[in-house]
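Student: Letter by letter, the chains look like this.
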Amino acid sequence: MPEVQNREMMCAPRLQQEWGFGGRRKIRDGALLIALFLGGIGAGQFVVSTWIFNYPLSALIGLLFVAVGKSAAHLIYLGRPTRFFRLFLKPRTSWISRGLIFMVILIIFGGGYLAPLYGFDWLPWTTEDLLGKLILAVALMAAFIVMIYDGFVLASCKSISSWHTMLLPVMFFAYAIAGGVAMTAITFIFDSDASLSVESIVSLDLVLLAAMGALVAFYIINLASSDITAKESLRRLLFSRTAFFFIGLSILAGLMIPLALTAMHQMESEGAIASLLLGISAVLELAGDISIRHSILKAGLHAPVF
Amino acid sequence: MVRYGLVIDLKRCTGCFGCVIACKAEHQTPPKVFWAKVLRSESGKYPVVNRQPLPVLCMHCKEPACKDVCPTGATKQREDGIVVVDNKLCVGCRYCVVACPYGARYFVEKWKDYFTGKDQPSSKYAEYAKKKWLAENDRGVVTKCNFCSERLEKDLKPACVEACPAEARTFGDLDDPESEASRLIKKRRGFRLKEELGTDPCVYYLPSR
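Protein sequence lines correspond, in order, to chains A and B. If you read the first sequence in my numbering, its first letter stands for residue 374, the second for the next number, and so on. If you read the second sequence in my numbering, its first letter stands for residue 248, the second for the next number, and so on.
Bound-form chain B, shown alone:
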């Protein structure tokens, strides 16, 4: 069985936010909603300071904390491992947002225009954005990254993977030991975020050095 996962090479990532913009363009997420984001991490003291961009998205955990706490069953795990929110079942209680250790979930009360902050689109593009968002999502529910499942159905890679100019992202089947993703994890000793919580995330990071 396929188990989709993502490998992010921190050595290659330049923190250009290309993945963030690609995700925004693909899903037309409203302001303050980032299904894919790049966190800034700084360590050390002047003059020896290390600045590391850390791309973060839904980890599509094998044991997702968000799925267990959901009282409605709106958060589901597909057979290919992708964790999705059924926006027809979600009531917007936000237990999953609080339970997710990765900050990958967003509650969207209503669509807002990027420039005016109001729920009326201010341009033709905003009109398109609103239409697309409301067709794929809903008001008053929780939303999150779905590994661009609509693109996967067309045999395309997720938008963030496709857009990364440094080719820092590798998408693939983690259950297939021959896949590029599995090979990179093994070769470069991939690690995962907050493994101690037992969520078994499907997003791996390759160390920057």
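Chain A with its partners taken away, still in its complex shape:
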């Protein structure tokens, strides 16, 4: 296997240097990673809080992550942010356009659904009536696309073997929902007025952690059985500096420890210790979420042209 190309003039696998921290613009390129992360957990939190737990405050926080956090991060990343509106022009062929259009739909319909609860009670719908439910349905559909579109953005790059797999949209979806559950748990811990079933949060979390573990395992197997560039990407994930993020943060801190903490929570489900376990587990899951996205971006290698 030829050495990974670290200079322009060698015929070898070439690192993608455009997306994620440490790219051509070092820190500023990391804004894209932040946008993917905030979009995923924000949309996930909105879905989990409205569809599963009926927790409007958490849904609003999720929506703000998308509307403010993700949007701002995208603008920071762009080379010409004043032309951002052009990003919406090619939904027929570009996953970026599709994702951003659905992001706007999520913000409008999600905001519309929650508006009657936050001072806009003069609006002709409530969160309980049919019109309100229809608005929520559109917002949920848009949230679903927002959670998976970044996976499709990566998967559409044919020359990067480690990205060109339909596992990525599925993984990003699972991580977005899990991030949403983690954010809902954190909001719940700090919100003394909330009345949620902690058991259902913990049970859902357990299922998601197991699913994410299985998906990461499938991803590794997929890379190991793919072409030589994908194998080099896997080597970078497991044995280079990226391994700290992939193995250390994504797998150990983001999956294994939360799994153990959630299991401990099943035994100690009352009082301050239970809240602490839930909080630590949620924070670690979020760290795992952002670091797996970072690892996947950093392990992206273009196949040699010759």
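Keep in mind that the hints are not guaranteed to be accurate.
What the hints assert, rightly or not - Residues from chain A shown here face chain B by an in silico Cβ test under 7 Å; the list is partial:
1) M382
2) C384
3) Q389
4) E391
5) K399
6) L451
7) G452
8) R456
9) R459
10) L462
11) C530
12) K531
13) S598
14) S599
15) V678
What the hints assert, rightly or not - So these bits of chain A aren't anywhere near chain B, every CB distance computed over 10 Å:
16) S444
17) L473
18) I478
19) D502
20) F591
21) F617
22) E643
23) I646
24) G673
Don't read these hints as lab results, they were simulated from the structure. Each residue gets a CB set at the ideal place from its N, CA and C atoms; glycine is no exception.
Dock chain B against the given chain A, drawing on the hints supplied.
Tutor: Here is chain B on its own, set in the frame of chain A:
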């Protein structure tokens, strides 16, 4: 209809980087931006080693991956097959840079001087270079080879073709079976890079042996 293409004879290419310099001189591309480049490829083991220079540029694909992924429509394909970036429409999202299998696209945040690395020109020539670059390109957008379309309008060949001392490059109409380019492809069994991706590149290579 014309479909411009380039044929590169690997048997003739000596890896002199003349095409790289000609491109730089023609377009005044900033540091670390190579619209035309020569990759070094080595195969075999000592004492039987083969070293092959591989000139690479935008392949001006018939089915360009960069065009489909562009969310703004800034990447366009002209009727003559040349793929261009409209720098007035590009937002610098760099999806095309990531999607291009050939590494032919470059994001340029701002013009930089070759010697100081700063955005102030350090000499009169650098002043000219900056002026030319900014007149034809923009800050914060993606740039790439355009087959020297401004030279084609004047019935000139692309700068890299003109400059190649080994005459390893042949530019012509691929849709015309009588053109020198088409004739060479047929006679020498020209091949293309990464054909399996379905991009239908318009740059052909003639085998070195």
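Student: Are there hints from earlier that the structure breaks, and if so, what are their numbers?
Tutor: The structure breaks hints 5, 13, 14, 17 and 24; every other hint is satisfied.
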